[in-house]
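Participant: These are the residues of each chain, in order.
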Amino acid sequence: MIALLMALAGIFSELSLLAFGGGNTILPEMQRQVVEIHQWMSARDFSAMFALAQAAPGPNMMVVTLVGWRVAGWAGVLVTSLAKFGPSSILTGIALHGWKRYKDAPWRPIVQAGLVPITVGLVSASALLIAKASDHSIAMAAITVVCAWLSWKTRLHPLVLLAGGAAIGLIGLG
Amino acid sequence: MQSRASEIEAGAVEPPTALQLFTGFLALGLTGFGGVLPMSHRMLVEKRRWLSDAEFTDLLGLCQFLPGGNIINLSVAVGLQFRGIRGALAAIVGLIAGPSLILIGLAIVYGHYENNVTLQHVFAGLAAAAAGLLAATALKIAAPLLGKPISIVIALLCFGAIALLRLPLLPTMLILTPLSILAIWKYRS
Chain A
1 MIALLMALAG
11 IFSELSLLAF
21 GGGNTILPEM
31 QRQVVEIHQW
41 MSARDFSAMF
51 ALAQAAPGPN
61 MMVVTLVGWR
71 VAGWAGVLVT
81 SLAKFGPSSI
91 LTGIALHGWK
101 RYKDAPWRPI
111 VQAGLVPITV
121 GLVSASALLI
131 AKASDHSIAM
141 AAITVVCAWL
151 SWKTRLHPLV
161 LLAGGAAIGL
171 IGLG
Chain B
175 MQSRASEIEA
185 GAVEPPTALQ
195 LFTGFLALGL
205 TGFGGVLPMS
215 HRMLVEKRRW
225 LSDAEFTDLL
235 GLCQFLPGGN
245 IINLSVAVGL
255 QFRGIRGALA
265 AIVGLIAGPS
275 LILIGLAIVY
285 GHYENNVTLQ
295 HVFAGLAAAA
305 AGLLAATALK
315 IAAPLLGKPI
325 SIVIALLCFG
335 AIALLRLPLL
345 PTMLILTPLS
355 ILAIWKYRS
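As you go down the protein sequences, you meet chains A and B in turn.
Under this note's numbering, read the first sequence as residues 1 to 174, first letter to last.
Under this note's numbering, read the second sequence as residues 175 to 363, first letter to last.
Okay, chain A solo, but in the shape it has when bound (with noise of 0.2 Å):
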């Protein structure tokens, strides 16, 4: 029980000093982690469970409290929110009293930019790797390819398309 609270330390404390850019851009790795390397669940298990947590209020990455409890119950939430939420929460305290000092920098807009290709890639990477574990019929890649569109051209609610999302697995045509 130990060496798994510790393994889930290690892996979610990484992944908060690299979540440039959200949540959303860890995914990738925490399912190589949690599915490829350590076998926790299967990839359809970390899609659920991802797909529960965006439906779900709260901010976007619940998913690693949900992961935790998968893995180790009580412990484990405790264990993965504490390493999740703690490194980046220290650097945000530490950078707040440098920040008045840095935001005019001539090199904050260049990082900043520098990053956004690198969220991109990452966040197309999520995508993809929820929608393998999901799509395993026509009908479900229909789904998340028409969500997308509706989301991008639309101001549709992200609940609305999860639910209609739902209400089409549940008749069955998945």
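Note that these hints are calculated values from the structure, not bench results.
Please note that a few of the clues may not be correct.
Pairs of lysine-lysine residues, derived as DSSO-like cross-links and limited to a Cα-Cα distance of at most 30 Å, are as follows [as the list claims (entries may be wrong)]:
id : chain 1 : residue 1 : chain 2 : residue 2
1  : A       : LYS103    : A       : LYS132
2  : B       : LYS322    : A       : LYS103
3  : A       : LYS103    : B       : LYS360
For this one, chain A is given, so just place chain B on it according to the hints.
Facilitator: Showing chain B alone in chain A's frame:
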């Protein structure tokens, strides 16, 4: 507009207590469906007036620059500003406590029925839609890259390394991030 935070600094208004920070972010965590960002502006600037518009934009800029979820970082920054480490803890715990408990409840239900074929179909549909939302997010943030061939190549390399080759994130970022920053710096207009 006279901001609340600068009034507080001048001693005109009491800063929010740790308890107020906790309840404020607790409510935010529980109401933010499909993204907390728009709701956080309403709570922090319009409703509770803890921050002015400019202060909100400024702090959000810092939080987007740093690793970690924007709103998570924002809760820490706001809490820290008003009540130090105690305030930061109150804000972040408030923000994630509600959603964590709800999700654990849902996970318990999911665990009971995970071999149920109907539920599997529902979750497959849900995940397919969630993948679509992610793809749309990627498209939206990719739009500014149009006309910047080097940035497009870096985004594609990153996608290939992570999604297709399944390389670890740390070395991928250590190589591609400096390249990307260098390219922006060299070709900036």
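Participant: Hints first: check each against the structure and report whether it holds.
Facilitator: Evaluation of the provided hints:
Among the hinted pairs, LYS103/A with LYS132/A is inconsistent with the structure: their alpha-carbon atoms are about 40 Å apart, more than 30 Å. Between LYS322/B and LYS103/A the CA atoms are separated by roughly 25 Å; this keeps the pair inside 30 Å, and the hint holds. This hinted pair checks out: LYS103/A and LYS360/B have alpha carbons roughly 21 Å apart, not beyond 30 Å.
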